[in-house]
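Participant: From these two lone chains plus the hints, build me the complex, please.
Chains A and B, in that order, are what the protein sequence lines are.
Residue numbers for the first sequence, in our numbering: 1 to 214.
Residue numbers for the second sequence, in our numbering: 1 to 111.
Simulated from the structure, these hints should not be mistaken for lab results.
Just so you know, nobody snuck in bad clues.
Listed next, the in silico PhoX-like pairs over lysine-lysine satisfying Cα-Cα at most 25 angstroms (straight line):
{"hint": "1", "chain 1": "A", "residue 1": "K90", "chain 2": "A", "residue 2": "K141"}
{"hint": "2", "chain 1": "A", "residue 1": "K144", "chain 2": "B", "residue 2": "K65"}
{"hint": "3", "chain 1": "A", "residue 1": "K141", "chain 2": "B", "residue 2": "K93"}
{"hint": "4", "chain 1": "A", "residue 1": "K28", "chain 2": "A", "residue 2": "K161"}
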Amino acid sequence: MAKLNVNPTRMELRRLKNRLKTAVRGHKLLKDKSDEMVRRFMLYIRENKRLREEVEGELQTSLSSFMLARAASSDAVIEEAVAMPATSVKLSVSSKNIMSVDVPVFDIVEGEVSELYPYSFAGVTSELDSSIASLSKLMPKLLKLAEVEKTCNMLADEIEKNRRRVNALEYVMIPQLEETIKYITMKLDENERGATTRLMKVKSMLEERKDGDK
Amino acid sequence: MSMREGSIAVVGDKDSVLAFKALGVDVYPVDNEEEAKERVHMLARTHSVIFVTEQVAKWAAMYLKRYSARPYPVVVPIPSASGSAGLGLAGIKANVEKAIGADILFDKEDK
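Pulled out of the complex, with its shape left as it was, chain B reads as follows (with noise of 0.2 angstroms):
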């Protein structure tokens, strides 16, 4: 068991992420790939769980590859004030294709 500042925290563009605010979670805008890379590394050392937009997802992709090994901290893509481009879902169908080998999920649906 291991113990671990309980903080969250939001990443993206402004738009998406200054509603959070009000909600007392720490949020940091971005907007550009140099920024999201080193505030997604920085928070992951002092956070647990990183919300980020699919944007910011794609940029710092190398570093939630890095993260998806270990526990904390858990980063989860969201979709932005602008819509989502279905990255989470695609995640998910990746999971079940790891692991199952075929996607018996989202089959059933598209037929």
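In isolation and in its complexed conformation, chain A is listed as follows (with noise of 0.2 angstroms):
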């Protein structure tokens, strides 16, 4: 692992460390924050996958039964009975922060419900009938799905980024903050042994001259 390009003095030494702590602690709150996202993310998957399998089917259960009420009548009924809708749906959408991540949340607001069926009975089939009621009650499932699939998706990403971010403190900051810290102690030990070889030396070479005086 590469060191850092710094000087070896004391003061980059002591910054190191800092910067060493900084990163340890960092490391350790980002996987816990992992952890907790993760466990968070396991929850909602499972309730996505039942809710998208469900819809699935009965998506398709009411779909068929629609196209077997086109069938039945002439495109131009069809058209006209479910031009006008009877009722409405709207939402009253707002997010809410999961692990730091905003994520929506949508109740759904009733319009007037006068009536279900747009049309006049008698000039439809009941096959449409039965496909728009089956149609009107999976709509909160729908809704709930996109609920729960968008915050799977965004936690999903979130999930992923973190990691990132925990795997380059792991693997890169941290291992290089260490070798450069080695680098400088085991630099500013040399010196201070040369410096210390040095004084003996010179207090040798003084004694000899001394020595040689008397």
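Facilitator: Next comes the structure, spelled out in structure tokens:
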């Protein structure tokens, strides 16, 4: 692992030691965050899978009965039948914060539900009634799916990003800092030894000269 | 907390989306790639939840990717009248793999 390009001075050493302390603490925090996010993610993804399977099955049924209804009447009749919906689905949307990820939340705001079927029963077949009834029952589930799936998407993204950060700290930043600190410590020790040896040498040279003078 | 117009839209081939119209949802039939992209792009500004058929999801994949990083709009692929190609479940699988590193949800059932 490459060491950082710094001057081997005491000041630099102190600075690096502080950086290492911060990096280690940051690494621990991010790792904890990652663990918690994965735990939350697991809860959501299970629900996501269950909802998706249910919705896909039920939607299939309603849509195919709608197809049957279309086959039974002419296009114009069907289009006219659904052209002026009697109900409306509106949402109140907001967002909530899961582990510092903004995820969407919505509640269904009921419109004025006067009548689910916006057409006269005389004009169309009963397949249309049943398909629209089942579809409208499915709507809350569809919206729940939308909410949960988006949450999962965003959590998965965030988990991946966070993992990159953890890995960068664990495998790049921290080893680099440790290496550099070791290098500076060794260099400083070496200097100190050099200085001691020089002093001893000078002392012995002085003593020799003193002996020679006598 | 951001507030936004809480409208719902459905985009897809006519067979699949017409039924939603009776529920009071905004319905936009499209039948080619250009239309799909343009429609999804426009709806992203005005609607919070957009249901798209799997075909439309494939056509407008570029936009869907862009929206995936922010809370709204929520774009959800749904199966069309002619059946599901498994795009929705594939998305869940991809999420699991991205987050955990291995597929632990679907593994059990395959074996």
